[in-house]
Amino acid sequence: MATIPNVDFKKRRAPDFPSAALPLLQDAQLRSNVRHATGVIQGKRARVVSEMPDWQALRDAGQRIRAHTLEHLDIYLEQFEQRCIAAGGHVHWARDAAEANRIVLQLAQNRTGRIIKIKSMTTEETGLNRALEAAGIRPVETDLAELIVQLGHDKPSHIVVPALHKNRSQVRELFSRTMNLPQLGDRPEDLAEAARVYLRRQFLSTPVAVSGANFLIAETGGVCIVESEGNGRMCLTLPKKLISIAGIDKIIPRFRDLEVLLQVLPRSATGERMNPYNSLWTGVHPGDGPEEFHVVLLDNRRTEVLRDPEARETLHCIRCGACQNACPVYRQTGGHAYGSVYAGPIGAILTPQLAMMERGQSLPYASSLCGACYEVCPVKINIPEILIHLRGRVVTGRPKVLRAFHPEAIAMRAMQWMFLRATRFSMAQRLGRIAQRPWIRQSGWIERLPTVLGGWTRTRDLRPLPPQSFREWFQARSHASMPSQNSSEAPHD
Amino acid sequence: MTDILIGDPLSARSEILARIRSANRGISVKNRNTNATESWQDIPRTYRQCGTLTEADRVQLLAERLIEYGAGVYRCQSAQVADNIAEILRCRLKRKILLSSDVDPDWLPQNGPAFIHGNALSYPEIEACEGVLTGCTVAIAVTGTLALCHTSAGSSRVLTLLPDYHLCVVQAAAIVETVPEGFRALEPHRLQPITLISGPSATADIEMTRIQGVHGPRVLDCLIVV
Numbered sequence: 001m002a003t004i005p006n007v008d009f010k011k012r013r014a015p016d017f018p019s020a021a022l023p024l025l026q027d028a029q030l031r032s033n034v035r036h037a038t039g040v041i042q043g044k045r046a047r048v049v050s051e052m053p054d055w056q057a058l059r060d061a062g063q064r065i066r067a068h069t070l071e072h073l074d075i076y077l078e079q080f081e082q083r084c085i086a087a088g089g090h091v092h093w094a095r096d097a098a099e100a101n102r103i104v105l106q107l108a109q110n111r112t113g114r115i116i117k118i119k120s121m122t123t124e125e126t127g128l129n130r131a132l133e134a135a136g137i138r139p140v141e142t143d144l145a146e147l148i149v150q151l152g153h154d155k156p157s158h159i160v161v162p163a164l165h166k167n168r169s170q171v172r173e174l175f176s177r178t179m180n181l182p183q184l185g186d187r188p189e190d191l192a193e194a195a196r197v198y199l200r201r202q203f204l205s206t207p208v209a210v211s212g213a214n215f216l217i218a219e220t221g222g223v224c225i226v227e228s229e230g231n232g233r234m235c236l237t238l239p240k241k242l243i244s245i246a247g248i249d250k251i252i253p254r255f256r257d258l259e260v261l262l263q264v265l266p267r268s269a270t271g272e273r274m275n276p277y278n279s280l281w282t283g284v285h286p287g288d289g290p291e292e293f294h295v296v297l298l299d300n301r302r303t304e305v306l307r308d309p310e311a312r313e314t315l316h317c318i319r320c321g322a323c324q325n326a327c328p329v330y331r332q333t334g335g336h337a338y339g340s341v342y343a344g345p346i347g348a349i350l351t352p353q354l355a356m357m358e359r360g361q362s363l364p365y366a367s368s369l370c371g372a373c374y375e376v377c378p379v380k381i382n383i384p385e386i387l388i389h390l391r392g393r394v395v396t397g398r399p400k401v402l403r404a405f406h407p408e409a410i411a412m413r414a415m416q417w418m419f420l421r422a423t424r425f426s427m428a429q430r431l432g433r434i435a436q437r438p439w440i441r442q443s444g445w446i447e448r449l450p451t452v453l454g455g456w457t458r459t460r461d462l463r464p465l466p467p468q469s470f471r472e473w474f475q476a477r478s479h480a481s482m483p484s485q486n487s488s489e490a491p492h493d
Numbered sequence: 001m002t003d004i005l006i007g008d009p010l011s012a013r014s015e016i017l018a019r020i021r022s023a024n025r026g027i028s029v030k031n032r033n034t035n036a037t038e039s040w041q042d043i044p045r046t047y048r049q050c051g052t053l054t055e056a057d058r059v060q061l062l063a064e065r066l067i068e069y070g071a072g073v074y075r076c077q078s079a080q081v082a083d084n085i086a087e088i089l090r091c092r093l094k095r096k097i098l099l100s101s102d103v104d105p106d107w108l109p110q111n112g113p114a115f116i117h118g119n120a121l122s123y124p125e126i127e128a129c130e131g132v133l134t135g136c137t138v139a140i141a142v143t144g145t146l147a148l149c150h151t152s153a154g155s156s157r158v159l160t161l162l163p164d165y166h167l168c169v170v171q172a173a174a175i176v177e178t179v180p181e182g183f184r185a186l187e188p189h190r191l192q193p194i195t196l197i198s199g200p201s202a203t204a205d206i207e208m209t210r211i212q213g214v215h216g217p218r219v220l221d222c223l224i225v226v
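Order-wise, the sequence lines are chains A and B.
Residues 1 to 493 (our numbering) are what the first sequence spells out, left to right.
Residues 1 to 226 (our numbering) are what the second sequence spells out, left to right.
A couple of the hints might just be wrong.
Unchecked claim - Pulled a few chain A residues facing chain B out of the computed Cβ check, cut under 8 Å: (1) V40; (2) R64; (3) E71; (4) L77; (5) V171; (6) L204.
These aren't lab readings, by the way, just hints derived from the structure by calculation.
Just so we're clear, the structure is a prediction, and the values are computed from it rather than from any experiment.
Cβ atoms here follow ideal geometry from the backbone N, Cα and C, with glycine treated the same way.
Using the sequences provided together with the hints, build the complete structure.
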């Protein structure tokens, strides 16, 4: 198996996408695992979406709810805070990842020296597990896939199914080694049973749990967590203390808005009509669940994303992962190539923005702009357009001198000059026709081009320029003395 | 309990809110209705708000969806609830069953298994029970969802979590067709803990193969009272 490029989110110079993707593309096992898993989810999603006559109306409503929330984000955050405190919860605000981790660390101290965790992309983003371990607190991941990632010292590769790059025999090998179960079978049932037994003790004996949140409801001060296995319910019911970290973008205005989001999220995320468990709670409930409840509201540069009118809808994301499953690039490379917590199309727009365009500059280019992500997005984030916008920001973010003499900029200026006049353009075509001659193979295709142009033909053949362009054909035709419908033969395009 | 203040909470709060306000000032006035309530009401909701199925069809659809999730589904008249519960529990070999406080005493069979009220039990005592019997506040047919609103210690969330078996009694009148109807019915309970259950605990984390039963109850039965 190829090694996963060691990309630390903190590091300034993570490998760019193409170089990180290269070793992964040579890992046949990983590619087949990713392709199988994304194919299965896509198929299930397509089936349960096609049975919804009002799917587009739901997407429209979802988009409007998210846009509306961002427009009034300050009001809704304050409302959430007030209602959550009134219901017995505590609300903390964190400007960045380090501040969020500090808050959690102080709250998480307990006699067992460990905490249990519900899968949370936000805590991946803040690097909470590393911070906890550094402070001597052991975080125990309880989601099956997160457990696989944690036991294997791996990194999540998908928003919803973090261990989608592993197959059953790889998981069996890992569990049998780390849980000391030499007789373990490799049916998914056996593996889930092993996790059930392994984690049950932890659930009942750990006094503190940390979770993310799918939705924070401003109207009630409540929190909603969406899951399948029941590990989430265990974590948010059994311990004495529960700490939920949520990005400020996770707010929704009212309880009723769940009628939209809880329709589009499960169908988009796992291809289910509804996921097995959704939990909603508000503050603390005497006699039921934790005695102490904390919410940490995390900014971590989300407000910078909000500032960009062209890209702020990135914050509409409800983390369903549908764009990853649909993306032809992600389906080839898997999530690790993105070198960031958030992979796939959403990662390609979210990561560089959260890094204020200082990291992940190659990610907006990790796309063919085919638009499959936009089509499946349950809240209609126009990812291809944001990708192009961010490519622009990458270019304008370059130092001025570099910008003027960048090969890409020079090529673009040359193209601009050429496209500006029809005469220049047709001259370029004529030149191209001559210049291409040595490169046309017997098959009639150009199989390899020299210099920088070779990048294009490295993985595909190119059709040569035809002997006559459409304009030339058209002119020849109209100058002919006796124009007739079938006298001149149309050149192939 | 005194409020727990950590670090420099006030300035983090005001700084984040100030950043949001400054970011939002930049976006066009046309899109920004200053009144959040009015602007929320203006959100177009052209999706299906109401179903069209009859009660019998709703019962049928809910049953189909739950069966697809791997749950057991039984139907009976309201006079036969106790007999049916006795029969289901006998087939499942359950002899020690927790009771949620929303269970109607008339549903309990006379010579059935031992029923134990769930309030004031410790976690190990709850875990030692073989199953739990609950009612259901609202059921959503289209998604095969059972909504449980937890009102007191006698119907707390842990009761339906630790035991490996859950028998849920659903009144046909509590079944709605669509998700929006379901949330409308749940609106009065919005401050209580709510658990939406759609089939037994499951995972598809390994090779996207759905398997039943990870941490929550591995077996879910649903008795629909028509």
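Checklist entry - Are A/V40 and chain B close enough, Cβ to Cβ, to be under 8 Å, as the hint says? => result 4 Å, holds
Next on the checklist: Checking hints one by one. Is A/V171 an interface residue toward chain B, by the C-beta closer than 8 Å rule?
Outcome noted: Given a least distance of 6 Å, the restraint on A/V171 holds.
Checklist entry - Does the CB of A/E71 sit less than 8 Å away from some CB of chain B? => result 6 Å, holds
Item to check | Interface hint compliance - A/R64 to chain B, C-beta minimum distance less than 8 Å | outcome: Holds, about 5 Å.
Item to check | Restraint satisfaction for A/L204 [CB to CB of chain B, less than 8 Å] | outcome: Cβ of A/L204 sits 6 Å from chain B, so the hint holds.
Checklist entry - Can the hint on A/L77 be confirmed by a CB-to-CB distance to chain B that is less than 8 Å? => result 7 Å, holds
Checked against the numbered hints listed earlier, the structure breaks none of them; every hint is satisfied.
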